[in-house]
Each structure stands twice: as C-alpha cells, then as structure tokens.
Amino acid sequence: MIEETGPKSVRLTHAETFTGALVALPFVRRKLDVRDAFGAMNTALKQRAEQ
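Its first residue numbered 1, the sequence shown is counted upward by one per residue in our numbering.
Certain hints may be false.
[To be verified] EDC-like, lysine to aspartate or glutamate: derived pairs with alpha carbons at most 20 Å apart:
| no. | residue 1 | residue 2 |
| --- | --- | --- |
| 1 | K8 | D36 |
| 2 | K31 | E3 |
| 3 | K31 | E50 |
| 4 | K46 | D36 |
| 5 | K46 | E3 |
[Unchecked claim] Restraint-style ranges between C-beta atoms, simulated for each label pair:
| no. | residue 1 | residue 2 | range |
| --- | --- | --- | --- |
| 6 | A49 | R29 | 17 to 25 Å |
| 7 | A49 | T19 | 26 to 34 Å |
| 8 | D36 | P7 | 15 to 23 Å |
| 9 | A24 | E4 | 36 to 44 Å |
| 10 | L32 | M1 | 38 to 46 Å |
| 11 | A40 | T17 | 13 to 21 Å |
| 12 | V28 | A49 | 29 to 37 Å |
| 13 | A21 | Q51 | 40 to 48 Å |
| 14 | A49 | E16 | 29 to 37 Å |
| 15 | L32 | K8 | 20 to 28 Å |
| 16 | Q51 | L25 | 36 to 44 Å |
| 17 | Q51 | R30 | 15 to 23 Å |
| 18 | K8 | A40 | 39 to 47 Å |
| 19 | S9 | V34 | 19 to 27 Å |
No wet-lab data here; the hints were simulated from the structure. Even glycine gets a Cβ: it sits at the ideal position worked out from N, Cα and C.
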C-alpha cells in the first residue's frame, strides 16, 4: 500500500503472508524469514526515490 503523508512524501507498507501446513515447521519458518530482504529492498527503494 502506498499512502501520501505530505506534499512530497509517501509511506510504502508491504508484507508477505505465508500459509500452508509446512509453514508451522521451525526449519521452514527460518527459510521464510524475509525481514533482511525487505530491509534491503526498502533501502534501495528509498535511495532510488530520493534521486
């Protein structure tokens, strides 16, 4: 979701929802941890938007 927060600013909200029987398994849950990837994407997007 992209929402306007000011005259020249917006807020991007994104999330990922994983479902299914295997998601409950601890080793699968660790593989599905996307926080680092989202952080890297947020940094790259911010840099690109501010050019």
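Results for each hint:
{"no.": "1", "hint": "K8 <-> D36", "verdict": "violated, 27 Å"}
{"no.": "2", "hint": "K31 <-> E3", "verdict": "violated, 30 Å"}
{"no.": "3", "hint": "K31 <-> E50", "verdict": "violated, 32 Å"}
{"no.": "4", "hint": "K46 <-> D36", "verdict": "holds, 15 Å"}
{"no.": "5", "hint": "K46 <-> E3", "verdict": "holds, 15 Å"}
{"no.": "6", "hint": "A49 <-> R29: 17 to 25 Å", "verdict": "violated, 32 Å"}
{"no.": "7", "hint": "A49 <-> T19: 26 to 34 Å", "verdict": "holds, 31 Å"}
{"no.": "8", "hint": "D36 <-> P7: 15 to 23 Å", "verdict": "violated, 32 Å"}
{"no.": "9", "hint": "A24 <-> E4: 36 to 44 Å", "verdict": "holds, 38 Å"}
{"no.": "10", "hint": "L32 <-> M1: 38 to 46 Å", "verdict": "violated, 22 Å"}
{"no.": "11", "hint": "A40 <-> T17: 13 to 21 Å", "verdict": "holds, 20 Å"}
{"no.": "12", "hint": "V28 <-> A49: 29 to 37 Å", "verdict": "holds, 34 Å"}
{"no.": "13", "hint": "A21 <-> Q51: 40 to 48 Å", "verdict": "holds, 44 Å"}
{"no.": "14", "hint": "A49 <-> E16: 29 to 37 Å", "verdict": "violated, 21 Å"}
{"no.": "15", "hint": "L32 <-> K8: 20 to 28 Å", "verdict": "violated, 35 Å"}
{"no.": "16", "hint": "Q51 <-> L25: 36 to 44 Å", "verdict": "holds, 42 Å"}
{"no.": "17", "hint": "Q51 <-> R30: 15 to 23 Å", "verdict": "violated, 35 Å"}
{"no.": "18", "hint": "K8 <-> A40: 39 to 47 Å", "verdict": "violated, 24 Å"}
{"no.": "19", "hint": "S9 <-> V34: 19 to 27 Å", "verdict": "holds, 25 Å"}
Consistency with the previously given hints fails for numbers 1, 2, 3, 6, 8, 10, 14, 15, 17 and 18, ordered from lowest to highest.
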